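Chemist: Read left to right, the sequence shown gives residues 1 to 656 (this note's numbering).
Calculated from the structure, these hints are not laboratory results. There are no misleading hints in this set.
Simulated pairs of lysine-lysine, DSSO-like, Cα-Cα distance not exceeding 30 angstroms:
#1 K443 x K55
#2 K275 x K131
#3 K275 x K189
#4 K118 x K478
As the structure is a prediction and not an experimental result, all values here were calculated from the model.
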Amino acid sequence: MSSILDKKDLVTNQVDSISQSNIDSASETQELKLTDFDFESLQADEFVAINELDKQHLPYRITSGKLPWYIYLILLVEFAERASYYCCNDRLGNLVELPMPTNSKWGNVVKVNGVRPKDADAGALGLGLSKTNSITNFLSFAAYCFPLVTSFICDLYVKRMTMLFAGCAFGIVAHVILMIAVIPGVLAKPDTSYGLLYLGVLILAWCTACIKPILLPLLLSQYKHETDIVTRNKKGELVIHDRDLTLRRQTQWFYFAINIGAFISLGAGYLARNKGYFYAFLLPLFIFATIPFILYPLKRKIQDPPPAGNSILQDFVKVIKVALEGNFLKRIQNGTFWEYPKPSYLAKHQDGRCSWIRSKPQKGIYSERMVTDIKLTLTSSRIFLYWVIFNINDLGLGALTNNLSAAMKSNGVPNDVINNFNPLAIIVFTPILDYGIYPLLTKMKMNPNITIRIFIGFMIAAGAMAGGAILQRMVYNKSPCGDYASTCDTQSSISLWETCVVYGLTGIAETFSNVGGYQIAFVTSPSNMKSLVMALFLFMTALSSIIDIIISPALKDPNLVKVFGAIAGIGAAFAFWWLFQYWTLPRDMEIIAAELLEYEKEMAALEDKTGSVSDDGYADEKGNSFGVHPITSVRSATSNNLSPVVSGMEAVVVKK
Numbered sequence: 001m002s003s004i005l006d007k008k009d010l011v012t013n014q015v016d017s018i019s020q021s022n023i024d025s026a027s028e029t030q031e032l033k034l035t036d037f038d039f040e041s042l043q044a045d046e047f048v049a050i051n052e053l054d055k056q057h058l059p060y061r062i063t064s065g066k067l068p069w070y071i072y073l074i075l076l077v078e079f080a081e082r083a084s085y086y087c088c089n090d091r092l093g094n095l096v097e098l099p100m101p102t103n104s105k106w107g108n109v110v111k112v113n114g115v116r117p118k119d120a121d122a123g124a125l126g127l128g129l130s131k132t133n134s135i136t137n138f139l140s141f142a143a144y145c146f147p148l149v150t151s152f153i154c155d156l157y158v159k160r161m162t163m164l165f166a167g168c169a170f171g172i173v174a175h176v177i178l179m180i181a182v183i184p185g186v187l188a189k190p191d192t193s194y195g196l197l198y199l200g201v202l203i204l205a206w207c208t209a210c211i212k213p214i215l216l217p218l219l220l221s222q223y224k225h226e227t228d229i230v231t232r233n234k235k236g237e238l239v240i241h242d243r244d245l246t247l248r249r250q251t252q253w254f255y256f257a258i259n260i261g262a263f264i265s266l267g268a269g270y271l272a273r274n275k276g277y278f279y280a281f282l283l284p285l286f287i288f289a290t291i292p293f294i295l296y297p298l299k300r301k302i303q304d305p306p307p308a309g310n311s312i313l314q315d316f317v318k319v320i321k322v323a324l325e326g327n328f329l330k331r332i333q334n335g336t337f338w339e340y341p342k343p344s345y346l347a348k349h350q351d352g353r354c355s356w357i358r359s360k361p362q363k364g365i366y367s368e369r370m371v372t373d374i375k376l377t378l379t380s381s382r383i384f385l386y387w388v389i390f391n392i393n394d395l396g397l398g399a400l401t402n403n404l405s406a407a408m409k410s411n412g413v414p415n416d417v418i419n420n421f422n423p424l425a426i427i428v429f430t431p432i433l434d435y436g437i438y439p440l441l442t443k444m445k446m447n448p449n450i451t452i453r454i455f456i457g458f459m460i461a462a463g464a465m466a467g468g469a470i471l472q473r474m475v476y477n478k479s480p481c482g483d484y485a486s487t488c489d490t491q492s493s494i495s496l497w498e499t500c501v502v503y504g505l506t507g508i509a510e511t512f513s514n515v516g517g518y519q520i521a522f523v524t525s526p527s528n529m530k531s532l533v534m535a536l537f538l539f540m541t542a543l544s545s546i547i548d549i550i551i552s553p554a555l556k557d558p559n560l561v562k563v564f565g566a567i568a569g570i571g572a573a574f575a576f577w578w579l580f581q582y583w584t585l586p587r588d589m590e591i592i593a594a595e596l597l598e599y600e601k602e603m604a605a606l607e608d609k610t611g612s613v614s615d616d617g618y619a620d621e622k623g624n625s626f627g628v629h630p631i632t633s634v635r636s637a638t639s640n641n642l643s644p645v646v647s648g649m650e651a652v653v654v655k656k
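Generate the whole structure from the sequences, applying the supplied hints.
Modeler: This is the structure we're talking about:
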């Protein structure tokens, strides 16, 4: 992976606070000696932006940057959303598939002679595995497909905080409908109850779509520094605030909030078994009802820019439509695929065309910047395809692991709560990574880069599926029915608790791979496309769900050991492929971040002057014509050997 922001894509203007003499001087010396700066003169309210080379040579302690404590309160929204999602998703299996327990009206396991049967599970509708797979796969697909729509709405109409409020409203309505679907009078009519469950699941998917792609970009954007900096901490010590370390810590705690929420499903599982599904859905409703009271006072403190006012997806469709005109395959081969849809190219080579519709050459067109932004977005998003395979290794085939646990001895533990060891492992392992392993490795200068961290996560997930294959073979060997244990009336003597190893390993894998994926999505995308890129990353889960549906017919005895083994083998192969293809990803991400930083400044400067970024006199959609011409970028004008983190020209003392 090479730098995805070509110099020819930049239309630059002088950056404020950098004079022409600075640039000329830098061009002559071809280096900037920031290490000669007197850092001891820094005051508590000042900082100096530095590059990667400076960071390696400066003697100061490397730490993460700080955010006000109240900023992290927005993570409670993610906590509530995940609690809602998993409390619902984990209950649907038994609720839809299994029949109503004896003497029960609410779906719970009723006590017999004062004792609740150990081997009985909660249930209600008894509609079988087919309808269960239908509703659970619909929830998974919709929840990770709808974010493409909500990111479109967020770009066009509403602020991010407003979208979070909307997500809370959807969550409250969804759980009210789910609670209505499981009251005794409705459960007595399985088809009616199933229809209401589908409606509740649909609204719950919109809840996820309003929150999931919005919250992390909002959180990460609260950190205002685009580079590493040197500053003084409260104790008067000069320290280096590492931007990558800061974003990683924020993402780590975002993921921690996800899994604290997911762990609430454990309580909902016991509520469903002992009290009924009404109470299992009441728990996340209560959590959601408290969130608006936390968000409202934060609204004034969170930096939340207004929506762009134009739709990224609309422009996306226009650019792709133009790019695919004519012999686009030839343009792909000769490297001009992204040059062709640029307004300046169309105006020059097609008689002044300034329209995305060839038959209406004067209708109006997108900006030059939009082509570059979409190129950046699609180029960086290709990397997310690895997560399609990772998600399948990461318990993506939920029916497979749930089937494994159902064939094992439970001793009164609800079979649909054992998967909570996945979020439990994340809850335990996240602080260990954040406060133990990573600081120790940083001190030893052995901190694993993002490529290594993601590779570790991929391999651990593959190892978890290999462990699943071993457990499945043990179940077959111990079951009275041999290789047909799934349909056997008698459970295997293997304890259900042994599946905790599989769930725990996948949880640890997520702390490496998913955290890295979120970080890539944020760092490598233009500022006006961060929500869209996050939605694309989440969409990989939807693609995994489609694969799940396709291979579902193979998920039956006696094939389950082979299925586990095949998933593990494919996951390990993709892990090594990742390592080979993206070995230079850390350096490339630094280059991309630096070029994006400069690119954003240059585009903002031009848009302030003209209202649109244009070349060679072409017109924007409003018909305005400009004559802006490309000049040498500040970064290339200084030195080709500057650090990929940030141009040294920006290493000036500024106020916090």
